[in-house]
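**Student:** One letter stands for each residue in the lines below.
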Amino acid sequence: MTNLKNSAPSPSQGEGWGGGKKFSDSASPLLDARDLKVAYGGIQAVKGIALHIAPGELVALIGSNGAGKTTTLKTLAGLLHPSGGQIHYDGKSLKDVAAHQRAAMGIALVPEGRGVFARMTVTENLQMGAYSRSDNSEIASDLARMYELFPRLAERKNQLAGTLSGGEQQMVAMARALMSRPRLLMLDEPSMGLAPLMVQKIFETIRDIAAQGMSILLVEQNAKLALQAAQRGYVMESGAITLSGAASELLGSDAVRRAYLGG
Amino acid sequence: MEIFLQQIINGLVQGSVYALVALGYTMVYGILGLINFAHGEVVMIGAMLAISSLTALLGIGVPPLLALPLSAGFAMLGCMALGYGIERIAYRPLRHAPRLAPLITAIGVSIVLQNLAMMVWGREYHSFPQLIANSPHSIGGAIINDIQIIIFILALAIMAGLMLLVHRTRLGRAMRAVAENQHAAQLMGVDINRVISVTFMLGSALAAVAGMMVSANYGLAHYYMGFLLGLKAFTAAVLGGIGNLRGAMLGGLLLGLIESLGAGYIGDLSGGVFGSNYQDVFAFFVLIAVLVFRPSGLLGERIAERA
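Line order of the protein sequences matches chains V and W. When the first sequence is numbered by my numbering, its final residue is 263 and no position is left out of the sequence of numbers. When the second sequence is numbered by my numbering, its final residue is 307 and no position is left out of the sequence of numbers.
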């Protein structure tokens with residue numbers, strides 16, 4: 001067996017933190033969630049998980065449908081309220097910090113299903129991304145940069161976002177999140193419903209952004225793609241993190257292969 | 001022909017007032033999916049505040065052309081505070097309640113406001129002070145007076161200003177974002193409670209102006225005037241497609257025209273059985289017809305889905 005650590009599903013202090021010894025133990029994490037519990041419509045969807053993201057790290061959170069990945073991201077973004085545990089961002093507790101304030105602090109979430117503003121133009125969507133910023137000239141130059149990064153969007157900048165294809169909408173959602181100049185970018189199933197070629201393109205972009213030093217938390221059902229891009233990974237099952245470690249080790253682990261990589 | 005032209009003029013003037021009020025309904029519906037049935041009472045309170053402050057200002061010798069904008073500002077500020085308070089006290093606690101609860105609450109708020117107004121201003125009619133000569137002008141045999149001209153032009157200017165606000169400013173973008181997807185708007189850093197408050201205040205400011213226009217046009221205000229006016233403006237919003245700003249404006253103008261032409265010709269058409277006192281019937285014919293044949297309204301899209 002590999003040297004992966006099996007974290008207990010029950011909360012336990014100091015566990016699950018620094019799962020991959022080679023990574024980032026020294027740097028203080030940008031995001032640090034401990035014993036995080038979320039109840040959703042009477043069901044305990046997240047049962048006391050611990051995860052952290054170091055500055056500049058690309059971390060994948062994988063797991064099957066209904067494992068609690070989206071709930072975790074929504075809670076980190078402030079859209080759902082945890083029933084227990086703590087989240088620290090940049091050393092500060094996020095308790096009582098509303099979603100819109102977290103956005104202003106540099107936490108960006110590209111939600112599942114993209115959540116683009118369908119009745120706004122592409123440019124207006126990107127301007128919404130910069131809503132918390134007031135440096136207008138910088139916003140304008142970031143807008144130009146996004147159109148360089150996503151030339152497809154430049155051609156469609158005055159089109160209503162609702163008229164774009166799924167892949168283009170994913171680009172809008174990502175560019176919109178980047179417009180906030182986030183320090184932590186969270187992506188929820190960016191490959192969902194996209195054609196293989198588009199998935200490749202989206203992942204290339206994710207790698208590029210990561211290479212520029214952005215901290216990224218990537219939730220994916222496509223475990224292989226996610227672990228290939230990431231440095232570290234967490235495996236989530238029924239609301240608990242069952243495995244964590246270096247992405248390359250997770251890719252090689254029998255348990256992960258059997259469960260998520262189709263043998 | 002003169003009658004036709006006259007009814008067109010009357011209809012456009014009345015319709016522009018309906019449009020201002022309908023905008024308040026449609027903005028709130030667009031953002032919260034709530035029909036704020038208390039909105040008509042805000043119009044009434046705007047009229048009452050304007051008349052009271054105007055009378056007081058004129059009483060201490062303020063020149064009419066200064067008193068008018070001052071009292072308009074007073075009525076608008078008063079109504080903005082009222083709109084903010086209504087949302088804060090009556091609707092915000094019910095944000096996640098089943099849809100029927102805020103609807104019934106809205107009716108309750110409407111009754112409370114009506115009774116409060118009756119306690120403050122009494123049951124009698126209050127007359128709008130005459131400030132200008134209000135001289136009539138003749139266009140092709142039809143008459144339009146100064147106040148009507150002012151109402152129509154001012155209403156169009158306010159509507160144009162609102163469209164600019166909604167489509168060209170950061171606040172307007174935030175309003176549209178919240179209307180479309182509250183979660184995504186929050187993720188962009190939009191404080192949705194603030195946007196909702198601002199929306200109520202904007203709608204209430206328009207209501208105050210509309211209330212002032214109606215009372216100036218008819219020369220009267222009354223604690224009960226908000227009820228029928230509110231229902232008609234709601235009809236106008238539904239006619240145009242509730243939730244759609246352009247729809248509210250179009251619906252308001254159209255409803256004004258339908259009512260006015262209907263009232264002008266119903267006597268002839270029915271051989272004198274019905275008179276122009278049946279004017280109010282038309283609005284509700286329109287409401288029923290729209291709900292039966294085109295529930296999404298003239299410019300309405302399918303009801304916005306929430307993510």
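Since the hints were derived computationally from the structure, they do not count as laboratory data. All residues carry an ideal CB built from backbone N, CA and C; glycine is no exception. Heads up, some of the hints might be wrong.
Stated by the list, open to error - Selected chain W positions facing chain V (Cβ under 8 Å, derived; list incomplete):
| # | residue |
| --- | --- |
| 1 | P129 |
| 2 | I132 |
| 3 | H183 |
| 4 | M188 |
| 5 | G189 |
| 6 | D191 |
| 7 | N217 |
| 8 | G219 |
Stated by the list, open to error - The calculated label-pair distances, taken between Cβ atoms and stated as ranges, are:
| # | chain 1 | residue 1 | chain 2 | residue 2 | range |
| --- | --- | --- | --- | --- | --- |
| 9 | W | G122 | V | S93 | 54 to 64 Å |
| 10 | V | Y40 | W | Y278 | 54 to 64 Å |
| 11 | W | L156 | V | Q44 | 13 to 23 Å |
**Student:** Confirm or reject each hint.
**Tutor:** Hints, one by one, checked against the model:
1. Interface hint status for P129 (chain W): violated, as the beta-carbon distance to the closest one in chain V is roughly 44 Å, over 8 Å.
2. The beta carbon of I132 (chain W) comes no nearer than 43 Å to any beta carbon in chain V, farther than 8 Å, and the hint placing it at the interface is violated.
3. Here the hint on H183 (chain W) is kept, as its CB sits about 6 Å from the closest CB of chain V, short of 8 Å.
4. At its closest, the beta carbon of M188 (chain W) sits 5 Å from a beta carbon of chain V; the interface hint therefore holds under the 8 Å criterion.
5. Annotation: G189 (chain W) was flagged as interfacial toward chain V, and the flag holds, the nearest CB pair being 3 Å apart, inside 8 Å.
6. With its C-beta approaching chain V no nearer than about 5 Å, D191 (chain W) sits inside the 8 Å limit, and its interface hint holds.
7. Because the beta carbon of N217 (chain W) sits about 35 Å from the nearest beta carbon in chain V, more than 8 Å, this interface hint is broken.
8. Because the beta carbon of G219 (chain W) sits about 42 Å from the nearest beta carbon in chain V, more than 8 Å, this interface hint is broken.
9. Between G122 (chain W) and S93 (chain V), the C-beta spacing of about 56 Å keeps the proposed range 54 to 64 Å intact.
10. With their beta carbons about 55 Å apart, Y40 (chain V) and Y278 (chain W) fall inside the hinted range of 54 to 64 Å.
11. Range check, L156 (chain W) to Q44 (chain V): Cβ separation about 57 Å, and the 13 to 23 Å hint is violated.
Figure legend: structure checked against the earlier numbered hints; hints not met, in rising order: 1, 2, 7, 8, 11.
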